[in-house]
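Protein chains in written order, with numbering that gives the first Met the number 0: chain A, 0 to 258; chain B, 0 to 381.
Any given hint could turn out to be false.
Unchecked claim - DSBU-like, lysine-lysine: derived pairs with alpha carbons at most 35 Å apart: (1) K20(B) to K17(A); (2) K279(B) to K17(A); (3) K192(A) to K60(B); (4) K20(B) to K192(A); (5) K192(A) to K112(B); (6) K1(A) to K60(B); (7) K20(B) to K198(A); (8) K60(B) to K41(B); (9) K51(A) to K20(B); (10) K20(B) to K1(A); (11) K198(A) to K307(B); (12) K307(B) to K192(A); (13) K51(A) to K112(B); (14) K377(B) to K100(A); (15) K112(B) to K198(A); (16) K60(B) to K198(A); (17) K154(A) to K107(A); (18) K203(B) to K141(B); (19) K307(B) to K199(A); (20) K41(B) to K198(A); (21) K112(B) to K199(A); (22) K198(A) to K49(A); (23) K181(A) to K20(B); (24) K192(A) to K41(B).
Rather than coming from a laboratory, the hints here were simulated on the basis of the structure.
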Amino acid sequence: MKILVAIKQVPDTATQVKIGADPRAIDTAGITWIVSPYDEFAVEEALRVKEKRGQGEVVAVSLGPDRVKEALRSCLAMGCDRAIHLNDPAWNGADTLATAKALAAVIKQEAPQLVLSGRQAIDDDMGAVTAQLAELLGWPCAYWIMEEAIDADGKTVRAARQMEGGVEVFDLPLPAILAAQKGLNEPRYPTLKGIMGAKKKEIRDVKAADLGLAAEPAQLSIVGLEAPPPRPPGRVIQGDVPTAVKELVRALREDAKAI
Amino acid sequence: MAGEDIYGSPEHLAFRAMVRKFVETELAPRAREFDEMGRPDKAIFRRLGEMGLLGIRYDPKYGGGGLDYSYHAVFLEELTRCDNSGVAMGISVQTDMATPALHRFGSEELKEKYLVPAIRGEHVAAIAVTEPGAGSDVAGIKTRAVRDGDHWVINGSKIFITNTANADWLCLLAVTDPDAGYGGFTQIVVPTDTPGFSYRLLDKIGNRGSDTGLLFFDDVRVPVSNTIGDPNRGFQQQMNQFQDERMVPVVTSPVSARHLWELTLAHAQQRVAFGKPLSKMQVNRFKFVEMMIQITAAQEMAHRCIRKMVAGEDVTLDVSMAKVFCANMKQYVATTCVQLFGGSGYIWENPAARAFVDSRLSTIGGGADEVMKEVAAKLLKI
Ligand SMILES: Cc1cc2nc3c(=O)[nH]c(=O)nc-3n(C[C@H](O)[C@H](O)[C@H](O)COP(=O)(O)OP(=O)(O)OC[C@H]3O[C@@H](n4cnc5c(N)ncnc54)[C@H](O)[C@@H]3O)c2cc1C
Chain A
0 MKILVAIKQV
10 PDTATQVKIG
20 ADPRAIDTAG
30 ITWIVSPYDE
40 FAVEEALRVK
50 EKRGQGEVVA
60 VSLGPDRVKE
70 ALRSCLAMGC
80 DRAIHLNDPA
90 WNGADTLATA
100 KALAAVIKQE
110 APQLVLSGRQ
120 AIDDDMGAVT
130 AQLAELLGWP
140 CAYWIMEEAI
150 DADGKTVRAA
160 RQMEGGVEVF
170 DLPLPAILAA
180 QKGLNEPRYP
190 TLKGIMGAKK
200 KEIRDVKAAD
210 LGLAAEPAQL
220 SIVGLEAPPP
230 RPPGRVIQGD
240 VPTAVKELVR
250 ALREDAKAI
Chain B
0 MAGEDIYGSP
10 EHLAFRAMVR
20 KFVETELAPR
30 AREFDEMGRP
40 DKAIFRRLGE
50 MGLLGIRYDP
60 KYGGGGLDYS
70 YHAVFLEELT
80 RCDNSGVAMG
90 ISVQTDMATP
100 ALHRFGSEEL
110 KEKYLVPAIR
120 GEHVAAIAVT
130 EPGAGSDVAG
140 IKTRAVRDGD
150 HWVINGSKIF
160 ITNTANADWL
170 CLLAVTDPDA
180 GYGGFTQIVV
190 PTDTPGFSYR
200 LLDKIGNRGS
210 DTGLLFFDDV
220 RVPVSNTIGD
230 PNRGFQQQMN
240 QFQDERMVPV
250 VTSPVSARHL
260 WELTLAHAQQ
270 RVAFGKPLSK
280 MQVNRFKFVE
290 MMIQITAAQE
300 MAHRCIRKMV
310 AGEDVTLDVS
320 MAKVFCANMK
330 QYVATTCVQL
340 FGGSGYIWEN
350 PAARAFVDSR
360 LSTIGGGADE
370 VMKEVAAKLL
380 KI
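Okay, chain A solo, but in the shape it has when bound (with noise of 0.2 Å):
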């Protein structure tokens, strides 16, 4: 079974976030870049997948700059069979459709049974590629999954995801798109073999035109990013217990209204 796995690669979770120069993007400078954790366990449960059937193929996939190569590494390390970097500058300010449309045609080229991501990148934490993508492509999608098993015959899969009180279980045709939720497996580390391996494993560029792609405006723009304003400072409540509990009741309810 061939599957395919789309990942993004994102700033460290202690990353310090800044807005950059260019007030609609963040300052990169400085940044530790790591595969969305998310993805990780779509990247884990392909190659669970591919060792449970004792055969098949997991391809990771990634629209991004050139840096993105060391997300794909990571992959590879961890044992995906082969990477495809979707690298152009015409995908520059990408939005999640554009994405979309890019893996859409890789897909079509590649014709996986069972495509898997993260259920959102935690960077801007949009979580639509996937859902446009199945739109995209036609096929049934199943977000914040859990839980999947594919039938002996490859035709099927049955996934779960946790609800409030509760497990909802699905089955959809292949081929299917599902999106995973942390919780779904326990990610392995890339072995030192692994990551000595990855070097001589493929990792194929893909330009727009490759795909047969023109270049289009982002539909989704970003106007600017805020930073949150600033938590105003602490304040001590002086004087003697009756006055001072007197003042923080008056404080909390009038000036903090939080009773």
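Let chain A serve as the given structure and place chain B with the ligand on it in line with the hints.
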């Protein structure tokens, strides 16, 4: 970043990221638990083995990674983030102090039996050289191994041995021919479940996450086939193994010192006294600069040693000098950071406090400063 020529490749970066994630998720959260236990949980060796981290530079034939020293240096650097220098010491005893001689000089049979499980993390190894009567003066050890047919019969004691409680086997240095001078020592693998072996743990002021002990050998019988390499060259083989051992503080001190420097600077920038942050007082600003001068110089010395290790050159002179420099730098940075933290720097939960006691070992263990200087003096023909 300096050292890009050593470990700047995409593979090195990916490897560093992997080790960092492992150390931060599986070791660091348990750091104080290991202090309480007085030793690392033995299960972490198995995890390290599964990850391929206990034999990075060893032959793949024995389960090693077959890589050069630069990858191992990355591992040692990242291991400092485990937030417990006792645990890091226990692990590096396994990778750099108790197994290099076996890998380099051991018979195939011996490697199969002891090196392979050590690389897998199924066995924990210890290095047993120091004795109550002789530490710096290694040739003064008294533990005897006497041949009896196909066996060595061992009697004596060893002290300050890291991994005492966790160890499955020891790389023991014993006297086998008291009349042969430097030719009368032998390295022997001693399984710790052999009858006649016993130990007692010691209570240390620092490195509390490490099980350091006193070992007793009372007619301990091991097969002669447990001899590592040449039975007459145990002393020389051990001197060779010491170079690996001494690389560890050289590689790790600049990294852990820099980390402590950063934590302390963050404190000094927000701690206000007499109306301004500590970091704005010239005397403290200078302290930070002076520390960074030492850290940077130590880092460069470490890189020089790593390059030589990668190239397979003799590193004895460089590592002897660098060990002195790095060990003193680490102690100076630790005590300066305690001063900058003030009272909180004297509390165990403060990283500067732990570094202060932990680093006190660095100018003593693995060859005291004076011993390192004697080695360097000889090589410099002074
Ligand atoms: C926590 C810890 C862990 C250890 N782990 C191990 C281990 O796993 N395996 C192992 O075999 N050993 C281990 N050691 C022992 C360590 O290597 C020795 O303590 C060290 O080599 C010093 O030997 P010594 O303690 O016998 O001191 P001595 O040899 O008695 O030296 C005492 C002091 O004398 C001075 N001195 C020594 N030689 C000279 C000289 N030539 N000229 C001038 N001054 C000199 C030095 O200042 C030295 O510190 C460990 C020690 C500690 C504290």
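Against the structure, the hints come out as follows:
no.: 1; hint: K20(B) to K17(A); in the structure: holds (24 Å)
no.: 2; hint: K279(B) to K17(A); in the structure: holds (25 Å)
no.: 3; hint: K192(A) to K60(B); in the structure: holds (14 Å)
no.: 4; hint: K20(B) to K192(A); in the structure: holds (17 Å)
no.: 5; hint: K192(A) to K112(B); in the structure: holds (23 Å)
no.: 6; hint: K1(A) to K60(B); in the structure: holds (33 Å)
no.: 7; hint: K20(B) to K198(A); in the structure: holds (21 Å)
no.: 8; hint: K60(B) to K41(B); in the structure: holds (25 Å)
no.: 9; hint: K51(A) to K20(B); in the structure: holds (26 Å)
no.: 10; hint: K20(B) to K1(A); in the structure: holds (29 Å)
no.: 11; hint: K198(A) to K307(B); in the structure: holds (25 Å)
no.: 12; hint: K307(B) to K192(A); in the structure: holds (24 Å)
no.: 13; hint: K51(A) to K112(B); in the structure: holds (33 Å)
no.: 14; hint: K377(B) to K100(A); in the structure: violated (71 Å)
no.: 15; hint: K112(B) to K198(A); in the structure: holds (33 Å)
no.: 16; hint: K60(B) to K198(A); in the structure: holds (22 Å)
no.: 17; hint: K154(A) to K107(A); in the structure: holds (18 Å)
no.: 18; hint: K203(B) to K141(B); in the structure: holds (24 Å)
no.: 19; hint: K307(B) to K199(A); in the structure: holds (28 Å)
no.: 20; hint: K41(B) to K198(A); in the structure: holds (33 Å)
no.: 21; hint: K112(B) to K199(A); in the structure: holds (33 Å)
no.: 22; hint: K198(A) to K49(A); in the structure: holds (21 Å)
no.: 23; hint: K181(A) to K20(B); in the structure: holds (17 Å)
no.: 24; hint: K192(A) to K41(B); in the structure: holds (24 Å)
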